[in-house]
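S.K.: Dock chain V against chain C, hints included.
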Amino acid sequence: CKKSFIELVPKTTVTEATFFRTADDYTQAVVGSYVPLRSITNDAYVMGEMRSDNATYFASPGLQGGQFSDKWNISGFLDIAINMNGTNKYASCYVGIARTNAILDRIDASTIDAAVKANLKGQAQFLRAYYYFELVQYFGGVPLHLKEVSSVAETALPRSSADDVYKQIIADATSAASLLPAKQTTLGMVTQGSAKTLLGYVYMTLKRYPEAETALTDVTKLGYSLVPNYANIFASRNTAESIFEVQYLEGPQGQQGNFAFQFAPNISNVKNILGPSGDNKTTGGWNKPTPNLIAAYETGDTRKNASIGFSYIDGDGNTVTDTYCKKYTHGPYANFNNTGDDWIIYRYADVLLLLAECLNEQGKAGQAIPYLNQVRSRAGLAATIAANQADLRVAIAKERRVELAFENHRWLDLVRTGQAISVMTAFGATIKTQQPYLPANAYTNITQNRLIFPLPQSELDINKQLTQNPGY
Amino acid sequence: NHNLNPIAFEVSGTVTSETGEVLVGVTVSEKGTPNGVSTDVNGKFKLNVRDGNATLLVRYIGFQTKEVAVNNSAVINIKLANDERKLNEVVVVAYGSQKRGDITGAVTSIKADDVKDAPVTQFTQMIQGKTPGVQVNQTTGIPGQGMSIRIRGAVTFSGSGSSQPLYVVDGVPLVSDINNINPDEIETFTILKDASSTALYGSRAANGVIIITTKHAKAGQNSLTFNAFYGVQTVPQKGRPDVMNAVEFAQYEQDVFKEQDRINRANGGTGVAIPVEYQNPSQYAGKGTDWYNVLLRNAPIQSYNLALNSGTEKSTTTATIGVLNQDGVLVASNYKRYSARVNSEYKFNSKITVGLNVAPTYEKLANTNTDGNIFGGGIIQNAITSSPISPVRNPDGSLTLTSQSPGLFGNPNWYRVATENKNNTQKGRLLSNGYANIQIIKDLNFRTSLNIDYVNEQNQTWSPSTSGGLFAPPPNQASASAYSNIYYSWLAENTLNYKHSFGDHNFDVLVGYTAQKYHQDFNSQSGFGFPNDNIPSLAAATQFNTPTTSIQEWSLASFVSRLNYNYKNRYLVSASFRRDGSSRFAPNTKYGNFPAVSVGWNVSQEQFMQNIPAISDLKLRAGYGVNGNFNIQNYGFIPNTQTTNYSFNGVLTPGTSIANIGNNNLSWEKSKQLDIGADFSLFKGRISVSYDYFHKTTSSLLYQINVPRESGFSSIADNVAKLQFKGHEFSITSQNLVGPALRWSTNFNISFVRSKILDLGPYGTSLPRDPNGANIEMIGQPLGMFYGYKFIGVYKNQADFDASAKYTGSDSPSQVGTVKYADTNGDGIIDARDKTIIGNPNPDFTYGMTNNLTYKNFDFGVTVSGAYGGDLQNRTLEYTQNLDGVFNVTKDVANRWKSEADPGDGVHPRIVVGTALARNTNSRWVSDGSFLTVKNVTLGYSIPMKNNNYIKSIRVYTSGQQLIVFTKYKGANPEVSGVEGSSVVNIGIDNTSYPVPRTISFGVNVNLK
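Taken in sequence, the protein lines are chains C and V.
One point on numbering: in the working numbering, the residue at position 382 of the first sequence is 683, and numbering is uninterrupted.
One point on numbering: in the working numbering, the residue at position 912 of the second sequence is 1739, and numbering is uninterrupted.
Bear in mind the hints are in silico, worked out from the structure with no lab data behind them.
Be aware that one or more of the hints could be misleading.
Which residues of chain C face chain V? A partial, calculated answer using Cβ under 7 Å [what the hints assert, rightly or not]: (1) Phe306; (2) Lys312; (3) Thr487; (4) Asn539; (5) Gln548; (6) Pro771.
Don't be surprised by glycine CBs; every beta carbon is placed ideally from N, CA and C.
The following block holds chain V by itself, in its conformation from the complex:
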């Protein structure tokens, strides 16, 4: 007891990192005593110790603990080494934080600093390829949109977006999307993958949870940083549609008309003349329109961020403002984001801390209907199937009104559609939370918080008389629409946390109560009858369609609890329990219980492991938990009424009918998951490896199941299907070189997920029942299998035709030269019963690798990500290889069947007016979608600033995003997968999407003193 020792010895000094950075708040204590202090804002400490022979124990999060003998020195400057083993790194988890070494679930965390240089607009683009078990796909290149994230194969059947993980920002489970969060505001991402780590989010956790923690200044930190980049986006040549040029197209159409002429004459009719436009194809040499190219441009992207960090012992403030402006590579598309965030915390005294985070953002997106099928109005697909002999501009330079050619459907000039149609969305958002932490007694803390997520979204569309669509060439009636979508959720949380250690027993207990409510007001209106195109707004409409108004609400009241216990940090146990009551669930199923338990064993702390010095850490862990997915419609179980008006004698008369069958048992999707994992590191942390096996069973999947139409209804929301997922995840991080000048680290991760459908409920063995559907869910099969005809060539000649099964339907019976499908049921004819599984969109494995090198002041990083073995269905081919002569087609169609003597490549069938069968889903559209994408390459240089009075550091860098895509897939984007965030029922489908650009950028990070 040093109070009894009169000869106190005073030691003082400064604690810094190995790179010389002052460390604030480092605990410096006298070993073997409770005597200790923290370093001040300048990293300085002063401590009275027993005598000059004492030993100092220096501990700091993220650094290796160091023991320093005083040796009678009055001044000791201490350097702390980074803790490569990361065991003491603090990781944010559900409702709290834990030391990495104590975590028993499957949790990955990423520091935003490690991914900061990517010239992208969304943080989800930055984490592509970084984490095993997390499949991040960029499904479309529309500015500010298009990211799909699936954790451990998470799926639902119930619709768009509902297989996305739950995002929690500073403790607030979001109800809006995460695209409008400025990546520069983010400190860390934590990805909770298994049920034991997510179960505290209960009925919303089944798709995994991504916890985002924003930047908070530390005591003693005072800095002003400025980050900016400017980039140019271009569309690579690879993956562009390979459609015919004007000469090839004119020749093709000439053949189409010759074929029609032949058929008409054979039927005893009069001949068909070849239109003058197609009589002399060579006249178009060097001319014509490349419609895809017409829509493209090189486009700038720029981003500016200013961040202030200021911290004292009493209070800390972080303020960030950001501006982002991305022009799209498709004409007239643009995305802008203005964001600000202020995070402040104030310590009243040692017991009470209060904080307030306020983050307003404003986003503006301009993009018309670019993606998707021609009949849905998708501009890209429509443009590439338009006539290349049709000019974009008249000789006087003005835009043409239509793009029409003989035999083709009426089309507008798609450049006009892309540039003159408006679809502008602006979104204002306020994400805000306030909290107070109160220490009631030692080790017992109470936290209360109130959080709000508010979004005000406004959209306006406009289509002038000069615009139009397929079959609707201008002039058309101008039309306009507008909607307003205002929604918010508030969340109140109260938690008690008791952390206590006695002896070797360490307890951490949490109990809490939370309530959240969501409210949405949606109003929309559309109109027409514009006198002219002068006012591109609904304001000038003279006639209006019936407006839509809807109010949607849900609420969730929950109890949460958790116990973490460890003995000597060696044996770890965690148990948690959440009970959710939800307005979305039916009276019989109002409450759900979500328990989880996990255990861990830090084997490397055992005595017997001390003899194996190569292994520096080894932890085994296992967890089991239950969680749910509550993404179904509000009020889904309540039988509702709907407006069903009728008119009598020309007068509109109000009518009402029952809209749906009630379901008093409607409930959340249940997911049970087992996770077994191991983390170990070798050679003092030079190599660290993590492995997880998981087995997940998702049952009670929500689906609008078809019911017999005889009931008067077509479907009912019900919990029906059961799926199983198994997977392996593996990651390795290696510090290859750790020299003072040259440092090189590598991270590689790979995951294998297998899915299997176990049950589809009372109504059968496959879903959906759409006879033209491209995917099928079948018991015993993986999810989303491709379903259609098996293409086996063309009927090469009469003998082949006679010997093969044929389609005999009235729309276009088979003939010599048409497509030949496999007669899979062997009944001698080809019909819908021959459809079979023709592909598997689920990759065998997905992987990613990141390499970072630093040499003196240079830094260099490369991130790649890829998937192997999944099939893609290129449905664009339905139109670009259609042989009706009504679309422009791919160049290889020139090698089609022309006659028995000239049967072509055996793949492309003959010209037939009405090749209905060829347009059905078939295996010719299915190909391997494996890819490896160089997502990001960054080269940076830090300019030495030793003697500058104002600038602490400057780093300049150049970065390339989406640099190269290695794939055999011929479409534009192997990451395409139906529509953004779509449900599993249409995965792996390429319906033509906005190209993902390659971006080359230059950036600067300035750190001011």
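This is chain C alone, in the form it adopts within the complex:
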């Protein structure tokens, strides 16, 4: 026998050694780098909305276990370092980072067409920046992997400072903004607008307002516009308002989402809400609107009924009066727990409000107000009456809350604007009287330490160089 007899390579998969040759290989690698977005977004509402005063959850008699308690715990500030939602975000971001690292390690030296190369590199840099931005906002400074990991020894790094992570995000997003086109031939791929919005967010978070203003103002020149009917933003895909949108596809290809089911009441049959018969007890009942959020909508706000359902018909045909998030419900669906509704991460109204906030923080209330009013006008509301910086700050924050309700901005907005502790403490006291099934100790531990989440305990167990965030 020859030596080759015992040297076998896979026949039904491509090995790394033979991949990364052609433009098509690189394109497929970039496409693969978008995939973790689905997983991150699937339960992003837990840490982004249910942590905030916008949402809680339905009572869940008879159910327990991590898939439920992990969400309850995050909602009530009772989470510990063992939490699958935290782990999922952490792990999925790094899956995306590893995939973009593999591309960015190689693409400069590749011989593929320069224009294709620029576009692909820009997308990879944007995605890496986005994944790190998620990590740094939710976990603080994290290990900064910028090269492909190719051995066990390279798998573990110590935490970098949040500053260093932000530096890398800015570098990547800036480069991406320069490489990416304003419009992609393939709708849904990230663009220059996506990168500039990301940059705007990063600078706002760092309170570097002039740079934020530049980035966000640039976005307003890229041809985005507000969709006239608020509800249609979520009922259609990749609209003129959409800047960065996670893409889903209904059906058996494994590209589906299930937001409509997760947010529907956890009843034994959801056929009269969503179409297919199915017991939604273990799937649904999440992101339930709080009375506090509902009260935040002004009279006549068209966004209220587009975002919140106030009654539903249960499996037996009875009408039940209760509230649930219906922003992402566009049934009837063909199959249980399988929907194709996209999830918008950045959209133009968000940029307008962020720009308004940015201008106001720099004492340019006058310039800020028109941006705020553009958004109010679409919602059927009159121009704001706020005129000074302090009033306008409150008005913009309120506007962001209702405009972007259930879009996973509320918690980060509260943290960015320094409101998280005071708002959530007051909110917690009230909500427990309104929803008596919430645990008595919920919302009793709202401290500075709780503004970021714990690193997953499993990571600390394996990577001894890591240190836990204080308070966990």
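M.R.: This is chain V only, laid out in the frame that chain C set:
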């Protein structure tokens, strides 16, 4: 020199056994000369000897050598006695055979004839309790499945099946399972336990080796035998789930609703009405559904085998055909096997022998998802937790669609699920080998063989709209799937064997080269969107999920060599060496060397032992060797890419990403083992005893070790852990009575194995990290320890509650009447940090005993096997003692905490909607799993057939399998251990499995002339 002696004396005669059976091929020689002949097919011999005073030396394998003085008799009929000492018995070993007396490793052999009457489908069931050091567990009663074998505690971390021994059938290391081998085709099993006896199988030998030799006719043998049995299988009452009947359940649920009512009112809400179904429990007296019983039936098992043996000096043929049909004791399950085997050998001349063995089998298994956890869809566990007030049938006799009761989760009618879901697997197999033995010169033999093991497995599943699962009561979308799994391995072997003796020096040298390649094509497809339930097949689906296609291959090229040497059969040395090159191993570790050496001393042949007549045999032996386990995934070290598609604007777009981190050092698991043993027999072989001590260190255990998720990956296949095993094995066989009428023999064996984890690699001190895992691997501890909370009762009253540590999590904080766990870290609160070791699933010892009696024409045998001291974790209790009110529960839940005044038995907590903590792994689920099972009792009667022209013998028998299980364990099967062949990370776990039936059978063995 008799050529010089003109007065040759002719002797002739017949050689028979003590029972009168003609012996063919017996060597009859003139003592002190090379002059000798063999007996012919009628046992007759004719020999010219020097004169009438010569002495005949009569030798035959398995019989005591006899010297007969001629004394001028021309005709001498000789009877040979069975060799009870078995020293001359030939035992099949790795790449050859050896006389038992010359063996220096830890080797046990079992004759299939000794275990033939068990009414079972798999030979592994027959060897339960027969051999020390071999733990055979029947983990589930699914027809044709469920046997787990661990030799000397063999384990791996790397996954299902990989701690099973290597099976070698007629020299072919199998790649398929051994369940489809018809036990009636088997002549002997040889179990190689220590490294010195297995090392010739190199990188596949670390779990031990079982060599199966199939039946080959002998020259002069002409027989036709027919064996059949018919049995009835039943599920014993003991071990059935003790869940509430309809009356008890209605009362319990009434209490659940009363409790909810109380809580809602206390919170200022409106009350909760008690559903009408639960208002009057006594209405269900004598009614209701016992869901377990509904799924059970008494089921027949039948087996028919016809075997032809035909042999001449030139050629021999054995042909066996068999049919087996086993209905399962759970409705709609069934196993069938049709098997055939033809073993032929042809002697061209004195130098060349060729042979061909061909064994096609066809198996068909029907069994739906019976075993396991409710969330995995396990039908049994789901059924027993379903509402007993829900009927199976409507008043008109038709099956109900669902089994729903207020407050319980939506459920289908589990009888429908069991009977209407299909999961049918059919497997065709061809095991075949051809070989040639060529004598090159005297004492030097060349053997070449080509072997193939081919399997074509097809599976189809179907779930109609009337089926469903927990949370998914019908009607549901019908779904179907199908897979095709075709795999084969070919093996080519060439060996040279030189056996030579000069003087008192005996040599046996083997060198060889082998190459084996495995190939698998796996395709699967599933679909849905059926217009109706009329066509239960994928063919009628209108929508399909993405199909799976995979090709897997591995190859192994090896060099083998061995030297056996003995001086006067007294001092024995054996050394062997194998070098394996494997496609599974990474570039830096492509080849592995597996050396072994062993020595033996037949003390009883020494002069000084002749003065101790009580000791008839005494051998001391010791061996040391290195072997490996290559059960890791193919291509595991190669960084691969995977399909990771995304969609843009509603269009599926192909994506690709790197699937794993490469590992250029990935290698086999290494095992080093020392074995020290002694075999002795007393009183002319009436009592024989065997003892072995072993010490085994397994290092470089393959494990998907967790790596930091920051790498973008969750795990990498790596060689990390190190384990140590020590053990003692002891067996004794006693011929208690050897009278001509009454004979009684007893075999008893017992083994003690202790394991200890020495190292778990770079990533810590325990595995796995699943916070809800039931087992833990911890440095310094035995394998697979149970890990969880220590249950210490319930908070009996407010004072007890106030004085005790509590759980404060949001899901269900502790309150008076809920479960109380030990605060093992003393921090005043109960949380995951209080989890500790709560049980040890490893038995202190395992044992077995077999008694055989014959009295005249009657024979009687009893085999028992057992284990002592291992714990079991009954995870069924997670559901059957859940106090959320969403499942049916065990009867003792009625004695739960109800109030401070009525605190119940102190074990069962109060009804709480959401008793999350109670559902965590805790010591209440752990109990002693010691058992003693009467595996088999057989009573047979041989009908005298002296004057029949056609029938040589008939024996009828009745046999009981799995007759009685003595155990304190309350679950159905104390031999349950996770899933079949599971890795060590979930041993000792009872997740509810298919009950192992008791079988009473009647059989017949007919031997035709």
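S.K.: For each hint, tell me whether it holds in the structure or not.
M.R.: Here's how the hints hold up against the structure:
A least Cβ separation of about 6 Å between phenylalanine 306 of chain C and chain V falls short of the 7 Å threshold, and the interface hint therefore holds. Taken as an interface hint, lysine 312 of chain C checks out: its beta carbon lies about 4 Å from the nearest beta carbon of chain V, inside 7 Å. Taking 7 Å as the C-beta contact cut-off toward chain V, the hint placing threonine 487 of chain C at the interface holds, the least distance being around 5 Å. Contact between asparagine 539 of chain C and chain V, as hinted, is supported at the beta carbon level, the nearest pair being about 5 Å apart and thus within 7 Å.
Checking glutamine 548 of chain C against chain V by beta carbon gives a least distance of about 5 Å; that is within 7 Å, so the hint holds. Hint on proline 771 of chain C is violated. Least Cβ distance to chain V is approximately 18 Å, over the 7 Å limit.
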